[in-house]
Each structure stands twice: as C-alpha cells, then as structure tokens.
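Participant: As a plain string of letters, each chain reads:
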Amino acid sequence: MPPLLQLANVTKSFGAVRALKGVSFDLQGGEIHALLGENGAGKSTLIKVVTGAHQPDGGTITVAGQLVPHLSPASAHKLGIACIYQQPALFPDLTVAENIGLRLEPATATRTVNWPGRRDRAAKLLKRIGADIDPDTEVRNLSMPEQQLVEIACALGAEARIVIMDEPTASLTQKEQHLLFAVVRGLRDNGVGVIYISHRLEEIFALADRVTVLRDGESVGTSKTDDMTETSLIRLMVGREVSQIYPPAAGAPGEVALSLKNVSCGASGIKNVTLEVRAGEVVGLAGLVGAGRTELARVLFGLTPADAGEIALQGRAVVIASPAEAIAKGMAYVPEDRRRHGIILEMPIAANVTMAIQRRIFPGAWLRPKAERQLTLEYIRDLAVKTYGPEAPGGSLSGGNQQKVSLARWLATKPKVLILDEPTQGVDVGAKSEIHKLIRRLAREGMAVLMISSDLPEILGMSDRIAVMRGGTITAMLPGKSDAHEVMSAALGQAEKGVAAC
Amino acid sequence: MADSTGKFWKSILLRHETILLIVLVLEWLYFNSVGPRFGSLGNTFDIVRHSVEIGLLALVMTPVILTGGIDLSVGSLLGLCAILFGKFWRDAGMPLPVAGVCTLGIGALAGGLNAALITRLRLPPLIVTLGTYSLFRGLAEAITSGVDTFTNFPASFLFLGQDRWLGIPAQAPIFIIVAVAVWLLVHGTTFGRSFRAIGFAPEGARYAGIPVNRRIALAYVLAGAVAALAAIIYTARLGQAKADAGTGYELFAITAVVLGGTSIFGGIGSVHGTLLGVAAIAVLNNGLVHARQPREVAGMLTGGLLLLALSSSAVPRLFSRLRSRKPAKATQTVSPTPAS
Ligand SMILES: Nc1ncnc2c1ncn2[C@@H]1O[C@H](COP(=O)(O)OP(=O)(O)OP(=O)(O)O)[C@@H](O)[C@H]1O
Ligand SMILES: [Mg+2]
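Residue numbers (our numbering), protein chains in the order written: chain A, 1 to 502; chain B, 1001 to 1340.
These aren't lab readings, by the way, just hints derived from the structure by calculation.
Just so it is clear, the structure is predicted and the values come from calculations on it, not from any experiment.
Ideal Cβ placement from N, Cα and C applies to all residues, glycine included.
Just so you know, not all the hints are guaranteed correct.
Reference excerpt, derived from the structure (chain A facing chain B, CB under 10 Å, subset only) [as the list claims (entries may be wrong)]:
no.	residue
1	Ser259
2	Asn262
3	Phe301
4	Pro305
5	Ala324
6	Glu325
7	Arg340
8	Ile343
9	Thr354
10	Met355
11	Arg409
12	Lys416
Computed footprint of chain A on chain B, listed as stretches where at least three residues anywhere in the stretch have a Cβ under 8 Å from a Cβ of chain A [to be verified]:
no.	segment
13	1034-1043
14	1199-1211
Sample of chain A residues facing chain B (criterion: CB under 10 Å; computed from the structure) [as the list claims (entries may be wrong)]:
no.	residue
15	Ala252
16	Val256
17	Leu303
18	Ile344
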C-alpha cells in the first residue's frame, strides 16, 4: 500500500523568507501523525501546501500513489483532504449551519438549498463533537473556541481521507479537548490519516502514532512517538534543553491592585463577580468554554462596560467605559483572538507594538520612526519573534509569532494590572517557558496579573490563586497548589464549593 | 548587493505613484504637442485655479477613505456653504472675514453631523453621506428658493480667486498649506496611523485603545471644514455664489483619491498619491479643451484613466503570480513518478 500522502522535497519561499527548504513527509492511512516545531518552523506553510492554499516552489505531492501535479483548494477537497486551520476561517455574518453547508454541500443541479437538511446535518455534526452550539447563531457571536469547534465539525462532515488539524486545541479547555481526542481517534480507527499540529507535548504523546519535527523549514526527523520522550522531542525541536518547570511564585503579595465587587454586565452575561488581585500576584481564571472568562476580561477593559457593581484600582473606585480609559488607568488586556483583536495583520510589527503607547512614545502625536524601531527591535529580541524586521507586516508572521507581537504591545504599556487571555496559545515550548518567566518577573516587580488560560498545567503552574468561573460568575476560589481534578470538577460544577475561603 | 539595489529600484518603479507620475508626464507631453498654448505659464495657472476646489476636497477625502469611510456630501456642502457665506455677508451684514470664519464653522458642524450619525447610530458612511448629500443641497436650494444668487463681491475678495499673489494664483498658497497640513497629519502623526488602523480593522483598533469614534469624527469634521474653505475660494473665483455650486465635485474628489492609489476599502493610500490623481484629472480636462475635443470626452477619458491606473498597478502582481507558478510546473515534468 502506498502512503496516503507523500511529500518529497517540498520548497516554498515568501520573498526572501525560505519557509520550507525541501521537506519530505509521509502519512499512512489509519495513522495520527504529529507535526512539531518551533514558531515559524514552517508547519502551517507545509499544510497549506497540502490543502492547495499555497503553491509550492518545488517538490512533489503524491496522494494515494497518484502524483498530483497541481493542487488547488478545490482539487484538494475532491481528493478528500480536509483541514482545520490554525485560525478559524468562517464567514462571520452567516449562521453556523450556513457555514457548514457552504463547506460541505455540493451544488445541486438547480442551485437550491435544502434548508432543513442543512440545519439537521449541522446539528448532528456539532452533537458528535459534543459542542453545545445552536446551528442558527451567527458565527460573529461565537467565541474563538466555539468557532474552532465549528471548524472541527466541518472537517468531520467532509468525510475526508486526510484530515489536517493545525493547533485545534489552542483555545479549547480540557472537556472539549477530550471530546476532540475521541473524535480524532475515531477517525484513525476508520482508516483516515490525520496530521496533527500542536505545541502541547502531552497531547502529542496522548494521540500521535508518529511525529515529525520541523526546524527552520527543514525536517529534522520522523519517529514513532513511543520511542521519544518529552526531553528528546524538545531537544530535536529547539536544539537545546528547555526547563518545563514553572518559575517559583513570588513572596507575599502587596496591596490590592484590582478589586471587583458584584460586577455584572447584562449584555455579556457576567453576574455578580467579586474578585481581588493583588500587586505581585498571578490569579488564574479557569473554566470551560463559554464560562464567561473572556467576557469578564472584556468588561474589565471597558469593551463591554459593566452595568452594575464596583470596580476599584489601587483602592480607588473607577468607571471604565472604553479601552482607551482602561489603558490610561494602567490596565492592559492581551486578547484571545489575536488575528482580529491582538494585532492588525496589514500593519507593520512596529506599528502594532506601539499602538497602545502612542501617547507616550510619540509626544505631540508626531511619529518618531527611529524610537519606534528601537523599541520594536528590543521586543523582537526579548520575545524571540521570528521575522526579517520591524517593518514586516503582522500577517507575514507565523501564528505563534503573531501572539508574541500581541503580547509585546501590552507589555510595552508597562501596566499595573495585566489581563492575559490565553497568553501562550500557539506559542512553542521554548518561548512559552520564556513568557512564563517573564510574567513571573513582572509580577515580582509589582504587576497584578489576571490570567485566563485553557491550558490547565499553565493555570496550575503559574497561579498563586485560581478563580473558577461557570455560567458568568466565579463559583470557586482555589489555592494555587490545587490539583487538576479539583479545578476541573469546580469548572464542571460537580462539587459546588461556593466562594470558599482563599 | 546588486540584487537588493535592483529590488529597490523595482519597488520604486512599480509603485502606483510612479506609474501615475509617468501617466501625468505623458499627458502633459501629448497635450503640449497638440495644443500650442497648453504649455504656457498662463494656462498652467488656469489649471491650478480650476483644480484647487476639487483638490481641497480630494485632500480631505483621503483620510476619510483611509478609515474605510466615504463622504458623498462634500460637493453639496460646498454649495450650502457658498450660499451661507453669501447670506452672512449680504443679508446679515457681516464683514467678509467674519462671514468666512462662520462659514468654516458651519462646514465643520456639517461634518460633525455626518460623524455623529456614523459613530453614534453606527450607520454606514455611504448611507449617511448619501442622506446629507441631498440634505445639504436641498437646504441650499431652499435658502435661495432656487433662484437667489450672491454677486457684487468686493474686488479685494475676488483677488483670492482670480488674481496673482507673488506671481502665482492667489489660491495656490492656501492649497499648498492645506496639502502640507493634511500630508503631515496622514503621514507624520499618530492620527494618520489611527485612520489606517481603523480602515484595516476597526475592532482591532478599538482593542488597542485607539479612540475610534473620535478619530472618525476628526476625519469628517476636517472634510466639512475644508469643504467650506473650498466654497469660499469657489465663490471668489466665479464672483458669485449659487445653490448649485460644486455639483458633482464629490465624485471628482473620490476619483482623484482612488486614482492616487488609495484603497476604497480603507487602510492603504497616500496624500501625495491623491495630489497626483488631482493633477492627472485636471491636466486631462484642460488639455482636451486645447486639443479641441468636446467636453464630453473628458468624463470618458477620466473613467478610462481610472481603470487604466488601477489595472496597471495590478499588472506587477499578476506577473509575480505567474512567476511563482512557473518553477512548480518545471519540477513537475522532471519529477519521477513514485511506484504505486
Ligand atoms: N504570507 C507570508 N509572507 C511572508 N512570510 C510568511 C508568510 N507566511 C509565512 N511566512 C513565514 O514563513 C515561516 C514559516 O511560517 P509558518 O506559519 O509555516 O510557521 P509555523 O511552523 O506554523 O509556526 P507557528 O507554530 O507559530 O504557527 C515564518 O518565518 C513566517 O514568517
Ligand atoms: Mg502555524
């Protein structure tokens, strides 16, 4: 049996950037093949070649023994290749069912749509992956993880022979992750070949049969997952050891920097949230998809201002009606959806980094390109952003590098209260541990950090205290040293703890 | 090294502005060869006089379009402001400078109305300014009952539109000042950058703390105020103010901006591009008269020029796409077919 998919010596350049330098790769039917590598290693580029989104500069693609000379998105679809991109690519103004229908329904002779059938199928697919999403909602009203679930439903419904998943779990919580894993294993058992990209090593070990590591656009080896350990994988990927131990917590926290008393916001479903974050403290915000964590962050940052309750900064009651006001009061918010909210893809990295500090670095509103470039270069170096320079547009960066730029923008504001929403989504292991150290250092220097994360180890490893949200309110406060099970059951609402002592 | 300098020149040469500049020079050379008086200094000043008002509108249309918006009301507002200027002076008995300042204020207010409807009611700029396009013109007609015109302005005022100052048309320095100011605003300040950010991603700009509504308001208020300035210069040039002043000017202004390389979807564009666009249209319109062509041809050619300029900047993109496809094809033919 020939492999389901075989790539030989594939190359691809973007201008002077050589994203793929001759990569060979193969995928068997009934296999989950993980693709691993640092940010900017070329993973997304490789799979875009397979889905026909990018034309390779050289090399060959063979699907089930058949050489495919020219792969377009349409022909890839016909060959049974389905893909969940790193960034959901749904139409925001259409409903979930319409989006799924657009991807999956062949055109009928009369160009008519079977509306009930479309809705039914969408509902069934969503149910199969355990997503609690109404097929009739418009996609613009869905959160990032919900959109990702819709993408997964599409890929599932395509009944493809080859399913590619580019960081499908980046913003999913454990509950959805487990459902997704079951779906992926089900696909494999039916003979489907799955290419799975993730920066979370534990997922790779839980799922993958084989793993291929990319480094700087080259394949540095393929092996059975069983033959590898986390350390050996990381060494292959990064070329050095990376400590996966979370940095130690700081000493006693300082004054209360941010305090919420019965904060509510009808429009975003936030109810009676009471919470304190002290200077020097990292408070983790855990919960399932739809628990209201991002919504709470948006309320705090003035994007959907609170309509009841009290918010105080450094003990002083404040009203925050817009992000501009929040920034002026020393708050920063690294948003969840980096492509829509975190950076502006068409603008240079430099403009993105300085966007929230325009007042400070451009006195009198006059641009100062030199100072801007200097500052941007510092952040590019500190966060190891892989790019050719500060003038590169944000959209030319790989997913993880876009995340770093989004982070840089808000670190540059030197806030007193930093709200992080999935700060390390899509970031590779090496950079992730650097970012964790950075967050700790900032906390030690007196910053108050509220960190939303769906990555449970991250929540457990980084938090001094953990607030668990469910249904738009905080249902439990747990100490930082809690175990995973405790947090999960609080998030699921199994053991009602109430707002326990902390 | 050689490679990078080659690239540098290629990037300059393929710039939209460069192509437009070449078109402009060709236009000029052609009309100069067919119309004997075309190249004279007097005619050049004529071109300048006739393009200042549309040029002003195009300048301030640029930031509006950069934010992803559009202002269809500027031509009508020019008419309304011309009428009000006349009213202030003749009927309210204001001295001309005071009438001028009041007119500028009215223009800014009208721009503020556009801005308020767009940002507060979240209506699309196209719809809002289509409404105020009719509203402003209708007001102008109502005020004059459609017949009243204002004339007999003092010579000291007409100087502004008809005479020379330091050897150049008197309105030219005003235009230059506005052009430099708008250029600095768009290319040298955080305001310009905010316009672009809003044009690319309004939500993304809001998340970054940019006061989106205030910036949008700035663009429309500026457009309104400068439309009023254009109304005053228009009145001085023609020596009269009528309710139909500036009819259709909004479309000329938008054409010049788009011709100058500004994306109608917002984000991308430049003020110098707009200036080249204004010049290309002005030279074309004037040159056709010298080439003894009927006026009707002008509209046709302006349209043709617009399509040409837009597609010519698409040509390099087309080329690079073809090039990127070729090597892939080459390897296909030599690659061995794996045993199946
Ligand atoms: N459209 C583009 N224009 C220019 N450069 C690009 C473009 N797309 C990708 N690149 C570059 O190609 C390289 C590989 O990017 P790619 O997106 O494949 O990385 P990745 O392995 O998926 O990383 P991540 O883990 O961060 O998602 C990066 O250096 C990136 O900057
Ligand atoms: Mg990627």
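Participant: Indicate, hint by hint, whether the structure satisfies it.
Facilitator: Checked hints:
Annotation: interface hint on A:Ser259 violated; nearest CB of chain B at approximately 22 Å, more than 10 Å. Taking 10 Å as the C-beta contact cut-off toward chain B, the hint placing A:Asn262 at the interface is violated, the least distance being around 26 Å. At a threshold of 10 Å, the smallest CB-CB gap from A:Phe301 to chain B is about 8 Å, leaving the interface hint in force. Hint on A:Pro305 is violated. Least Cβ distance to chain B is approximately 13 Å, over the 10 Å limit.
Below 10 Å, beta-carbon pairs count as interface contacts, and A:Ala324 has one with chain B at about 5 Å; its hint therefore holds. With its C-beta approaching chain B no nearer than about 9 Å, A:Glu325 sits inside the 10 Å limit, and its interface hint holds. Hint status for A:Arg340 relative to chain B: holds, with the closest Cβ pair at about 6 Å, below 10 Å. Evaluation of the A:Ile343 hint against chain B yields a held restraint, the C-beta minimum of about 7 Å falling below 10 Å.
A hinted interface residue such as A:Thr354 counts as satisfied when its beta carbon comes closer than 10 Å to some beta carbon of chain B; here the least separation is about 9 Å, so the hint holds. The beta carbon of A:Met355 comes within 4 Å of a beta carbon in chain B, closer than 10 Å, and the hint placing it at the interface holds. Evaluation of the A:Arg409 hint against chain B yields a held restraint, the C-beta minimum of about 7 Å falling below 10 Å. Because the smallest distance between the Cβ of A:Lys416 and any Cβ of chain B comes to about 15 Å, over 10 Å, the interface hint for this residue is violated.
A count of 0 residues in the segment 1034-1043 of chain B with a Cβ less than 8 Å from any Cβ of chain A is obtained; the coverage claim is therefore unmet, three being the minimum. Figure legend: the segment 1199-1211 of chain B, annotated as covered by chain A; annotation consistent (11 residues with Cβ-Cβ distances under 8 Å, at least 3 required). Given the 10 Å rule on beta carbons, the hint for A:Ala252 is violated: about 32 Å separates it from the nearest Cβ of chain B. Among the interface hints, the one on A:Val256 is violated; its C-beta lies about 24 Å from the nearest C-beta in chain B, farther than the 10 Å criterion.
Checking A:Leu303 against chain B: minimum C-beta separation of about 7 Å stays under 10 Å; hint holds. Interface restraint check for A:Ile344: the shortest CB-CB distance to chain B comes to about 5 Å, inside 10 Å, so the restraint holds.
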